[in-house]
Every structure is written in structure tokens, then in C-alpha cells.
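Quick mapping for you: the protein sequence lines, in order, are chains U and X.
Following the numbering used here, the numbering of the first sequence begins with 1193 at its first residue and continues without gaps.
Following the numbering used here, the numbering of the second sequence begins with 2 at its first residue and continues without gaps.
Think of the hints as simulated: they come from the structure by calculation, not from any bench.
Check the hints yourself; a few may be wrong.
[As the list claims (entries may be wrong)] Here are the simulated lysine to aspartate or glutamate pairs, EDC-like style, with alpha carbons at most 20 Å apart:
no.	chain 1	residue 1	chain 2	residue 2
1	X	K133	X	E162
2	X	K387	U	E1219
3	X	K316	U	D1196
4	U	K1244	X	E380
5	U	K1236	U	D1213
6	X	K316	U	E1200
7	U	K1234	U	E1200
8	U	K1356	U	E1369
9	U	K1197	X	D314
10	X	K50	X	D8
11	X	K316	X	D8
12	U	K1274	U	E1219
13	X	K387	U	D1213
[Unchecked claim] Ranges between beta-carbon positions, derived for each pair:
no.	chain 1	residue 1	chain 2	residue 2	range
14	X	I102	U	G1285	28 to 38 Å
15	X	S190	U	T1373	40 to 50 Å
16	U	R1206	X	G358	52 to 62 Å
17	U	R1206	X	D317	40 to 50 Å
18	X	V395	U	A1212	44 to 54 Å
19	U	V1217	X	A12	18 to 28 Å
20	X	R376	U	Q1313	57 to 67 Å
21	X	L315	U	G1266	27 to 37 Å
22	X	S126	U	G1370	25 to 35 Å
23	X	F110	U	G1285	38 to 48 Å
24	U	E1262	X	G227	52 to 62 Å
25	U	P1344	X	R271	50 to 60 Å
Glycine residues also receive a C-beta, built at the ideal position from the N, C-alpha and C atoms.
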Amino acid sequence: MYTDKVMEHFMHPRNVGTIADADGVGEVGNPVCGDMMTFYIKVKDGRLEDVKFQTFGCGAAIAVSSLVSEMAKGMTLEEALKITNQQVAEELGGLPPHKMHCSNLGADALHKAIENYLSQQSGQQAEKAEKSGPAADKDEPFHCPFCDFILPENAQLCARCQVKLIRCEHCGEYNREGEETCRHCGAGLV
Amino acid sequence: MPGFYADKQAAAPVRPEVLEAMLPFFSQEFGNPQSLHSVGQKAARALSKAREQLARLINCRPEEIVFVASGSEANNLALKGLALANQARGQRVIVSAIEHISVLRATRFLEKLGFRITQVPVDGSGLVSPEKVAEALTPDTVLVSVMMANNEVGTIEPVTEIARLCQSRGIIFHSDAVAAVGNIPVDVSALGVDALSLAADQFGGPKGAGALFLKKGTKITPLIDGGLQENNRRAGTENVPAIVGLGQAAELAAREMAEKSARLSRLRDRLIAGVLGSLDEVILTGHPVNRLPHHASFCVKFVEGEAMLLGLDLKDIQVASGSACTSRSLRTSHVLTAMGIDPAVAQGSLVLTLFDGTSDDQLDYFLENFPPVVRRLRELSPLYTKYRQEKKDVHG
Chain U
1193 MYTDKVMEHF
1203 MHPRNVGTIA
1213 DADGVGEVGN
1223 PVCGDMMTFY
1233 IKVKDGRLED
1243 VKFQTFGCGA
1253 AIAVSSLVSE
1263 MAKGMTLEEA
1273 LKITNQQVAE
1283 ELGGLPPHKM
1293 HCSNLGADAL
1303 HKAIENYLSQ
1313 QSGQQAEKAE
1323 KSGPAADKDE
1333 PFHCPFCDFI
1343 LPENAQLCAR
1353 CQVKLIRCEH
1363 CGEYNREGEE
1373 TCRHCGAGLV
Chain X
2 MPGFYADKQA
12 AAPVRPEVLE
22 AMLPFFSQEF
32 GNPQSLHSVG
42 QKAARALSKA
52 REQLARLINC
62 RPEEIVFVAS
72 GSEANNLALK
82 GLALANQARG
92 QRVIVSAIEH
102 ISVLRATRFL
112 EKLGFRITQV
122 PVDGSGLVSP
132 EKVAEALTPD
142 TVLVSVMMAN
152 NEVGTIEPVT
162 EIARLCQSRG
172 IIFHSDAVAA
182 VGNIPVDVSA
192 LGVDALSLAA
202 DQFGGPKGAG
212 ALFLKKGTKI
222 TPLIDGGLQE
232 NNRRAGTENV
242 PAIVGLGQAA
252 ELAAREMAEK
262 SARLSRLRDR
272 LIAGVLGSLD
282 EVILTGHPVN
292 RLPHHASFCV
302 KFVEGEAMLL
312 GLDLKDIQVA
322 SGSACTSRSL
332 RTSHVLTAMG
342 IDPAVAQGSL
352 VLTLFDGTSD
362 DQLDYFLENF
372 PPVVRRLREL
382 SPLYTKYRQE
392 KKDVHG
């Protein structure tokens, strides 16, 4: 089911752990959905000096977080913010279609940790971090939580993987129809 | 490395005696049981023998058996076929909340046709209470279906009481006994059921063979129309080798059940005690006593089932899980949800089912290798870190 690279990261995940005096922390997912990731970053001179993570989730979720941590370490904040879900999946040699939402979480968690750091820096209320992930940025298109396909405005069905979608009223992210809580923010879905 | 295969419910080796019985029917005795000539009649006789072998195992008449291709097909035939044929009596169908997905999906189909479905809740150990079923019965109830034993948590249900209740009200009662037949005694006459599903691959037989017991005189609408096979209840050329295998496996199961069940339940109890004794924050799911002799199931907190499954497989240990990530539908097990298990805890579901080949040595190997796999994943888990932090805060 998984590529050798996914299995290798699953068996030997890089950068596992927490950072007690982290400059930024980002948490995404929800144990109810089966995936939850926490990223910790240390920033020096605009670069990610250290990245650590903890993940509760399936093999793909663990491999994705490990790879994201490896990719991001040493990058400038701008570079790290450009890591995309698609890139992560490609680096891993592909993920099964029904696991694609796991790869979204890895980059989202890292981005959230960076936003957390930036909002502390600017001393502003973490308005942007509050909204989480690509939903926060109106220029970013919405992706299918399952196959990463770019969705048009108010999609009800993913044209690629045919999953029926429902939008979270709280954070704007898409979820699978019939699910009770949002994968991204944990809010109840109507 | 001895390895430990504990996913019997998904697949188990066909017994050598069963394979031997099946082999001639692929090419030597290749006949079609519906042919009137001698080649066909040899196959017809083999089919009759298998029917008698199975009838002895579940204590029914041979003509009360409909051979099908799987447990799921038997359940579909029962739910749809019985509801459709008897809908003049009413259009309400009652099932338990923890039925196999083939039963639940079949009720969804019936719902689209205008039937009304009631799901009876279960308690924390997965037991369906006969009182709750009684409360759910309405004058328009045509069919009740409650499983004999649950495949995910191993709980054995009080089917006799529920069957008696239905009988007294003139309601048809079906039981999905796929996880039970061949593993625990199932006597359809003593149980008083009208229909009962079973599958050969759950007791040493091949995949692709199942059966529906249908009490004489019970009306059913076939799902597959065509020839007159299976007394006009299931068209299509019979899968003779698989059905011969089913019959042979039934004969062996009838002969060996008491001894095998005693051996497996001893191993199961060792397994449960070993797992609960080696790790904290692990719960046994299902009923502690009324459970299948070969079945042990747990929820391991703070870790996810698929990751455990993969980690164990790397140690040549094969198990199953009901976690959302393990299922392709990405949904948490409806069984654990119905039992009121916290959805986050349900993600750590683990299901182990033992078979003839399971030995004490293999079990030792599992008990030695399981805790380190869980500990590694817990070190990775933010939930475990939070749990330990909270525990530290409470205890100072």
C-alpha cells in the first residue's frame, strides 16, 4: 500500500519530540478523525534552526510529518511557508488517494507553527493563525481533503476522487459529507 | 522468527483435509450438478453430501440450506429476500446497531424501497438486550436481525431469547452467525431462528462459500434470478469445489469443536492477560466472559490502529484494527461508536483472532514484541505527551 520511502520514514522518523522553549507551536487535526500533529520550531536569523514534531495517526501521517520536518529544517521562513501538500506527497513517492488528507496536515502544522511565531513577533493577536492553514489566505485555493485536487468555489463534489464534500462553517475548510467534526478545526459540522 | 498470525477472521489457511476433498472437483469431477448425465450427477451427489455435512453441524434438514458465495451474500439474501417476500406483514425491519456492514447496508437499500429501519442500541460490552428489542417491536415489524457473535469485539449475543420473543409475536428472525458457526455450538433448532448466515472461511473452509439456513416454510425472494439451483432460491452454477470444502470443514468443525474451543480460549485468556498486564491505558473491548473463544480485542489509548498494524507487521505479526485510518472509508468503527467508546480511543482499536495454527510459542513472541511497538508510537504521540503531563500535574 505504501512506498518504500513512506515505510522508511514510518520506521525511522526524523526530528521526533518537543521543544520546551519553542519559538512557535502549531497543532492541526483532531484525534477523533484519527490524525493529529504538533510541530515545534526554533527560529534564528529568519531560518528554521530546529523543527520537531509529534504525531498521533496512521503510517502516512507519521511519514508525512517526518518528511516535512526534514525538508523544513534550515529553510528560511518564506521557503518553509511555500512547502505544499502536493510536494510532500510527491517526495514520498505518492500516497494512496484516501490518505491524501494526511499530507495536507503536515505542511499545515508547520505553517501554523510559523504563523504562531510571526504573530508573536509582530505582537498582534494571532488572527491569522486562528483561521488555520490555506483557509486563512483567500488567494490560496481550497484543496480536496482526500486527493488534493483544487476545488472551485463552493464545491459539493470533488471532480477527481468523487468524494462528496461539506464545508466547515467555522474555518471554511472542506470535509467529507457525513463527517461530524471538521478535520481542520474540530468544530461540529452541520 | 516464529511470527504470529492473528487475523483468522480476514483469512485462515484451508485445512489440509478440506483442500484434499476439494481438489478432485476442479478437473476430474468437473460436472455441473444440474446436468442429468452421469458426469453431472457425480457433482450433484457431492453437493448433497456437503449439504448433509453442514446440516449436521447446525442441526437442520439438508433442504433448509441455501448455498451462497459469502457471508455477505447470505446476509443480503436474508435481509432483502425476507423483507421483500413478507412485506405484506409490515415494512419495519429491526437490527442491532453493531451488525456487520453487509446487514446495515442491506437495510439502507430497504429504506430506499420504503421500509422503515430501527437500530437497537447496545451496552458498553456490545450486548444487545432482549428487552430493548422487545421495546422496539411494532405491529408492522416484519423482520428482526441480530447477530450471533460480533466480529469486531467478540461478544456473543443472547440470540435464543430474542428468537423466542420474535416467535411469540410471529415475526421472522434472522441471525448473522458468520463469526460463530464452526467456532461455537450453533443449533438452529434449539435457537429457534428462521434464518441464519454462515461462511466457510471462518472455520477452516475456503473463501467463496457460505450458506443461509432457511427454516422450512419461510418465504424468501431470491436476489439472483435464473435457473432453479438451490431450490429456486439462488440461481447460478454452483461452486462445487468450494461447497465441497464447506461441507468437509463443517464435518471437521462438528467433530473437533469442543477440544479446539477449549484450547483457543486458554490461549485467548493468556493473550488478554498478557496485553493488559504489559501496558497501561489499554482496554479490553467487548464482553469479558461471553465472547468467542478465538477472539481478543482492545483499544490502545494514544496510538492509532493502522500505525500499530504496520509496526507489528514489520515484526511478522498480523492483526486487524477498526480504526478510521485502517478502513478505506476513513470512518471509525460503528461497533465501537455504538458501544459508547470515545472516538479518539476507538482509533487505537486492535482485533486479534486466533486459529488452529496458533501456538503458545507464537503467543510468547507476540507478548514480547507488542509492548515495544506501542511504546515507540506513544513516544511519537502528542496525546501521550499531554496525558503524561496531566498525570504529573495531578500527582505533583
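Hints, verified against the model:
no., hint, verdict
1, K133(X) with E162(X), "holds (12 Å)"
2, K387(X) with E1219(U), "holds (13 Å)"
3, K316(X) with D1196(U), "holds (16 Å)"
4, K1244(U) with E380(X), "holds (13 Å)"
5, K1236(U) with D1213(U), "holds (13 Å)"
6, K316(X) with E1200(U), "holds (15 Å)"
7, K1234(U) with E1200(U), "violated (26 Å)"
8, K1356(U) with E1369(U), "holds (5 Å)"
9, K1197(U) with D314(X), "holds (17 Å)"
10, K50(X) with D8(X), "violated (30 Å)"
11, K316(X) with D8(X), "holds (15 Å)"
12, K1274(U) with E1219(U), "holds (18 Å)"
13, K387(X) with D1213(U), "holds (16 Å)"
14, I102(X) with G1285(U): 28 to 38 Å, "holds (32 Å)"
15, S190(X) with T1373(U): 40 to 50 Å, "holds (48 Å)"
16, R1206(U) with G358(X): 52 to 62 Å, "violated (39 Å)"
17, R1206(U) with D317(X): 40 to 50 Å, "violated (26 Å)"
18, V395(X) with A1212(U): 44 to 54 Å, "violated (20 Å)"
19, V1217(U) with A12(X): 18 to 28 Å, "violated (44 Å)"
20, R376(X) with Q1313(U): 57 to 67 Å, "violated (38 Å)"
21, L315(X) with G1266(U): 27 to 37 Å, "holds (30 Å)"
22, S126(X) with G1370(U): 25 to 35 Å, "holds (27 Å)"
23, F110(X) with G1285(U): 38 to 48 Å, "holds (39 Å)"
24, E1262(U) with G227(X): 52 to 62 Å, "holds (59 Å)"
25, P1344(U) with R271(X): 50 to 60 Å, "holds (57 Å)"
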